[in-house]
Amino acid sequence: MADQLYLENIDEFVTDQNKIVTYKWLSYTLGVHVNQAKQMLYDYVERKRKENSGAQLHVTYLVSGSLIQNGHSCHKVAVVREDKLEAVKSKLAVTASIHVYSIQKAMLKDSGPLFNTDYDILKSNLQNCSKFSAIHCAAAVPRAAVESSSSEKFEQSNLQVSSETPANNELTTNGHSPPTSKQIFQQPKGIMGMFASKAASKTQDANKETKTETKEVTNVFSTGNKAPGKGNVMSNFFGKAAMNKLKVNLDSEQAVKEEKIVEQPPVSVTEPKLAAPTGLKKSSKKAEPVKMQQKEKKRGKRVELSDDETKETENMKKKRRRIKLPESDSSEDEVIPDSPGDYEAESPSPPPPPPSPPPEPVPKTEPEPPSVKSSSGEKRKRKRVLKSKTFVDEEGCMVTEKVYESESCTDSEEELKMKTSSIHRPSTMTVKKEPKEERKGPKKGTAALGKANRQVSITGFFQRK
Amino acid sequence: MFSEQAAQRAHTLLSPPSANNATFARVPVSSYTNSSQPFRLGERSFSRQYAHIYATRLLQMRPFLVSRAKQRWGGGVQVKKLCELQPGEKCCVVGTLFKAMPLQPSILREISEEHNLLPQPPRSKYIHPDDELVLEDELQRIRLEGDVDASRLVTGTVLAVLGSARDSGKFVVEDHCFAELAPQKPAPPLDTDRFVLLVSGLGLGGGGGESLLGTQLLVDVVTGQLGDEGEQCSAAHVSRVILAGNLLSHNTQSRDSINKAKYLTKKTQAASVEAVRMLDEILLQLSASVPVDVMPGEFDPTNYTLPQQPLHPCMFPLATAYSTLQLVTNPYQATIDGVRFLGTSGQNVSDIFRYSSMEDHLEILEWTLRVRHISPTAPDTLGCYPFYKTDPFIFPECPHVYFCGNTPEFGSKIFRGPEDQRVLLVAVPDFSTTQTACLVNLRSLACQPISFSGFGAEDEDLGVLGLGP
Numbered sequence: 001m002a003d004q005l006y007l008e009n010i011d012e013f014v015t016d017q018n019k020i021v022t023y024k025w026l027s028y029t030l031g032v033h034v035n036q037a038k039q040m041l042y043d044y045v046e047r048k049r050k051e052n053s054g055a056q057l058h059v060t061y062l063v064s065g066s067l068i069q070n071g072h073s074c075h076k077v078a079v080v081r082e083d084k085l086e087a088v089k090s091k092l093a094v095t096a097s098i099h100v101y102s103i104q105k106a107m108l109k110d111s112g113p114l115f116n117t118d119y120d121i122l123k124s125n126l127q128n129c130s131k132f133s134a135i136h137c138a139a140a141v142p143r144a145a146v147e148s149s150s151s152e153k154f155e156q157s158n159l160q161v162s163s164e165t166p167a168n169n170e171l172t173t174n175g176h177s178p179p180t181s182k183q184i185f186q187q188p189k190g191i192m193g194m195f196a197s198k199a200a201s202k203t204q205d206a207n208k209e210t211k212t213e214t215k216e217v218t219n220v221f222s223t224g225n226k227a228p229g230k231g232n233v234m235s236n237f238f239g240k241a242a243m244n245k246l247k248v249n250l251d252s253e254q255a256v257k258e259e260k261i262v263e264q265p266p267v268s269v270t271e272p273k274l275a276a277p278t279g280l281k282k283s284s285k286k287a288e289p290v291k292m293q294q295k296e297k298k299r300g301k302r303v304e305l306s307d308d309e310t311k312e313t314e315n316m317k318k319k320r321r322r323i324k325l326p327e328s329d330s331s332e333d334e335v336i337p338d339s340p341g342d343y344e345a346e347s348p349s350p351p352p353p354p355p356s357p358p359p360e361p362v363p364k365t366e367p368e369p370p371s372v373k374s375s376s377g378e379k380r381k382r383k384r385v386l387k388s389k390t391f392v393d394e395e396g397c398m399v400t401e402k403v404y405e406s407e408s409c410t411d412s413e414e415e416l417k418m419k420t421s422s423i424h425r426p427s428t429m430t431v432k433k434e435p436k437e438e439r440k441g442p443k444k445g446t447a448a449l450g451k452a453n454r455q456v457s458i459t460g461f462f463q464r465k
Numbered sequence: 001m002f003s004e005q006a007a008q009r010a011h012t013l014l015s016p017p018s019a020n021n022a023t024f025a026r027v028p029v030s031s032y033t034n035s036s037q038p039f040r041l042g043e044r045s046f047s048r049q050y051a052h053i054y055a056t057r058l059l060q061m062r063p064f065l066v067s068r069a070k071q072r073w074g075g076g077v078q079v080k081k082l083c084e085l086q087p088g089e090k091c092c093v094v095g096t097l098f099k100a101m102p103l104q105p106s107i108l109r110e111i112s113e114e115h116n117l118l119p120q121p122p123r124s125k126y127i128h129p130d131d132e133l134v135l136e137d138e139l140q141r142i143r144l145e146g147d148v149d150a151s152r153l154v155t156g157t158v159l160a161v162l163g164s165a166r167d168s169g170k171f172v173v174e175d176h177c178f179a180e181l182a183p184q185k186p187a188p189p190l191d192t193d194r195f196v197l198l199v200s201g202l203g204l205g206g207g208g209g210e211s212l213l214g215t216q217l218l219v220d221v222v223t224g225q226l227g228d229e230g231e232q233c234s235a236a237h238v239s240r241v242i243l244a245g246n247l248l249s250h251n252t253q254s255r256d257s258i259n260k261a262k263y264l265t266k267k268t269q270a271a272s273v274e275a276v277r278m279l280d281e282i283l284l285q286l287s288a289s290v291p292v293d294v295m296p297g298e299f300d301p302t303n304y305t306l307p308q309q310p311l312h313p314c315m316f317p318l319a320t321a322y323s324t325l326q327l328v329t330n331p332y333q334a335t336i337d338g339v340r341f342l343g344t345s346g347q348n349v350s351d352i353f354r355y356s357s358m359e360d361h362l363e364i365l366e367w368t369l370r371v372r373h374i375s376p377t378a379p380d381t382l383g384c385y386p387f388y389k390t391d392p393f394i395f396p397e398c399p400h401v402y403f404c405g406n407t408p409e410f411g412s413k414i415f416r417g418p419e420d421q422r423v424l425l426v427a428v429p430d431f432s433t434t435q436t437a438c439l440v441n442l443r444s445l446a447c448q449p450i451s452f453s454g455f456g457a458e459d460e461d462l463g464v465l466g467l468g469p
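So the protein lines, in turn, are chains H and S.
The opening residue of the first sequence carries number 1 in the working numbering; numbering runs sequentially from there.
The opening residue of the second sequence carries number 1 in the working numbering; numbering runs sequentially from there.
Hints are computed from structural coordinates only; laboratory data are not their basis.
These numbers come from a predicted model, not from an experiment.
Glycine residues also receive a C-beta, built at the ideal position from the N, C-alpha and C atoms.
Some hints could be false.
As the list claims (entries may be wrong) - Below 27 Å or equal to it, Euclidean Cα-Cα: the simulated DSSO-like pairs (lysine-lysine) are:
1. H/K123 <-> S/K81
2. S/K81 <-> S/K170
3. S/K413 <-> H/K91
As the list claims (entries may be wrong) - Reference listing, derived: stretches of chain H covered by chain S, where coverage requires no fewer than 3 residues with Cβ under 8 Å from a Cβ of chain S:
4. 29-41
5. 59-65
6. 78-87
7. 94-102
8. 130-141
Claimed, not checked - Now the in silico label distances, taken between C-beta atoms and shown as ranges:
9. H/A93 <-> S/N259: 39 to 45 Å
10. H/F462 <-> S/D256: 30 to 36 Å
11. S/L59 <-> H/L126: 47 to 53 Å
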């Protein structure tokens with residue numbers, strides 16, 4: 001009979017799987033009303049005991065009722081073991097309800113495991129937690145997604161009130177605040193909104209001046225992501241080093257892929273602006289400004305920050321790329337607060353080194369994604385020259401690889417390139433280290449060059465004492 | 001009461017499964033108005049002095065006290081200001097009380113190098129037999145002596161004293177009176193039983209797992225999962241749940257990470273993060289079934305000074321999806337189904353407890369009602385926003401239910417005022433220690449405690465339940 005199915009199910013859960021079967025757990029698992037689950041448990045206990053009086057079954061009951069205590073009529077709700085059931089019942093003046101709470105094979109020492117079972121099943125059914133309950137509330141209707149956006153507006157409208165408090169909270173965090181819900185997304189934006197007017201005026205001036213200064217200003221502000229927002233508010237108050245660490249931390253917290261996708265599109269837009277004198281692959285990059293526009297529209301308030309954002313993201317991306325390189329981490333940390341001046345200084349130097357050592361090391365490192373980034377990150381030119389190099393490696397195999405001399409504008413391009421070059425990766429594993437060390441060399445040189453004559457961040461002049 | 005009503009239906013659950021299982025509809029919200037607007041702060045400026053709040057408090061309370069004084073001591077009693085006092089003349093003076101307590105922690109004394117004092121350890125009570133009372137009005141102050149019990153009174157109380165000034169410059173008090181209860185509008189009668197559940201001190205993140213089962217049982221009773229049909233039917237009559245503060249435990253406030261080296265605390269998270277996540281899940285379960293009002297408390301992530309502003313909705317991403325969740329201020333004032341509720345999370349009462357000899361929290365609650373001020377010790381010993389236009393803690397009218405959260409034990413009393421006001425006073429106990437919540441019946445204005453328990457290895461079940469011999 002269909003009715004007997006539940007008996008078999010309970011039997012299986014209790015005896016075979018050795019589970020603690022609470023009424024709530026059974027209700028969610030079998031998809032039945034809670035009262036029905038309680039009745040099922042009772043039925044099972046009765047039948048099992050009838051069949052086999054020596055059955056290894058321990059049952060806990062829920063008893064509730066009223067009791068006179070300290071002059072009050074107190075309503076008690078208690079989970080009790082079977083052996084205490086009668087004693088408790090006799091003490092209650094009025095018994096409101098008794099039902100089976102759970103069945104398990106082993107005797108329970110305390111009610112902790114019952115809570116754990118209920119909690120686990122609840123966690124997996126959070127969205128419909130009152131589906132099998134005996135009470136339905138007409139007023140409890142989840143808000144639609146449209147309304148949730150109105151709650152974001154509510155937060156933005158309250159920013160005047162709350163703007164100070166989030167800033168204070170961020171100051172007191174260690175910069176490790178984990179990314180939370182999307183609604184928090186709005187808060188850093190709000191704070192960024194406060195800085196936006198300052199940023200806009202600053203960047204407008206800076207655009208006319210050297211590229212280095214634009215980079216510095218944009219260094220202060222974050223990309224569109226939440227944690228960078230918080231970290232960069234803090235960066236206003238701390239120096240370079242702390243900011244680097246913050247960026248490293250923020251980096252580690254966020255999804256790598258998201259960042260790549262976020263940052264690489266904007267980079268394409270900045271590249272035309274910043275690398276105007278150098279030749280560019282403009283056709284591919286025209287596609288990117290469109291993407292950037294769409295992203296900017298999503299970030300309401302941030303439209304005015306578009307210039308800054310692109311530079312910021314590019315900066316962040318460059319920094320992140322470097323940070324991700326396990327080998328080049330130590331050296332690149334120093335190079336992180338880079339400016340375009342740095343990159344430009346670097347760009348002339350790397351072209352000589354790659355041709356000077358045999359072409360083998362250069363192409364061999366390219367296929368690896370980190371090495372691609374490092375090489376592209378070093379040169380800092382917006383040029384991307386796609387070369388196909390054929391050479392014989394140490395094993396005597398002929399290897400053809402596509403090589404990129406500068407950083408990529410779009411992640412699609414980069415991915416394409418990475419994919420094509422990854423095929424040849426295995427043959428180049430051995431020669432990895434040498435070119436990377438070479439790269440570290442030029443990097444360090446250019447870093448020293450770059451640091452001497454630029455202001456790293458907006459607080460840089462404080463540190464020149 | 002709840003239990004009797006619940007017991008009226010037949011027990012059906014100790015039987016084989018039946019095809020039809022009753023589902024009850026939650027009583028719809030017949031009327032609800034949130035009147036906590038005076039406690040909401042918009043733009044905040046802390047550049048003001050706190051003297052203004054006392055000035056406005058005295059200004060607002062003076063008319064009430066004058067009328068009470070005339071009622072008590074006859075219409076002919078002379079109400080004078082301190083500057084008009086003549087020695088030996090019997091008159092009535094209205095002013096704010098100041099209690100000079102030698103044991104009161106004073107930051108100035110602590111940091112003073114002359115005295116070279118070590119910081120005082122926190123005590124449970126700061127009263128001392130040498131405490132002195134001083135009455136201050138708008139211009140002057142005068143020492144009080146005589147028939148006035150200094151140990152029961154606290155700083156910030158506005159009262160009227162009858163007596164005469166002595167040549168020594170002190171005022172000898174013969175009698176004193178408070179503003180007593182404000183006028184009360186009668187509550188419209190209800191035809192069905194409706195309940196409001198008051199809970200406080202959930203204490204999540206406290207580390208102790210014993211109260212978690214109790215919390216889960218509470219949520220299950222309210223959402224109708226637990227209990228027989230009768231109990232579920234009664235639970236469907238719970239029209240609202242008010243969480244009165246201290247949702248997070250005191251332990252979540254530890255600031256060890258600030259003192260430790262950064263490399264040790266790199267991967268640690270504040271304890272309140274996990275606790276707020278648990279709270280979000282509990283609120284989700286509750287708000288899916290019943291309207292919930294969440295008040296912040298002493299240990300909750302909101303501002304410290306009274307009035308505490310509502311918790312931010314971004315902390316509860318799951319629960320804020322439901323419009324039944326309301327995040328409200330502390331103190332909280334609302335009219336639920338025609339019954340006026342007013343309550344705090346308990347900071348006002350526990351502060352008065354520290355600075356007066358009154359022991360029972362319910363007694364202190366009653367005393368604040370009689371003084372017509374929710375928190376007289378603010379801003380002296382309890383943090384408060386520097387109001388200057390009005391003092392929002394003065395009772396404009398008398399509520400029907402007046403509660404305070406996080407008391408050590410449950411207490412409830414009906415208090416009758418001089419003009420036939422009827423107030424239900426409820427001291428909501430701390431749930432993490434007592435596993436007890438309060439059910440207020442709106443129709444009969446009675447309160448029943450409801451307590452939960454599991455079973456443990458060592459305790460006798462009966463002892464835990466309080467059912468011992």
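The hints, checked one at a time:
no. : hint                          : verdict
1   : H/K123 <-> S/K81              : 65 Å, violated
2   : S/K81 <-> S/K170              : 14 Å, holds
3   : S/K413 <-> H/K91              : 26 Å, holds
4   : 29-41                         : holds (count 7)
5   : 59-65                         : holds (count 4)
6   : 78-87                         : holds (count 6)
7   : 94-102                        : holds (count 7)
8   : 130-141                       : holds (count 11)
9   : H/A93 <-> S/N259: 39 to 45 Å  : 53 Å, violated
10  : H/F462 <-> S/D256: 30 to 36 Å : 31 Å, holds
11  : S/L59 <-> H/L126: 47 to 53 Å  : 52 Å, holds
Checked against the numbered hints given earlier, the structure breaks hints 1, 9 and satisfies all the rest.
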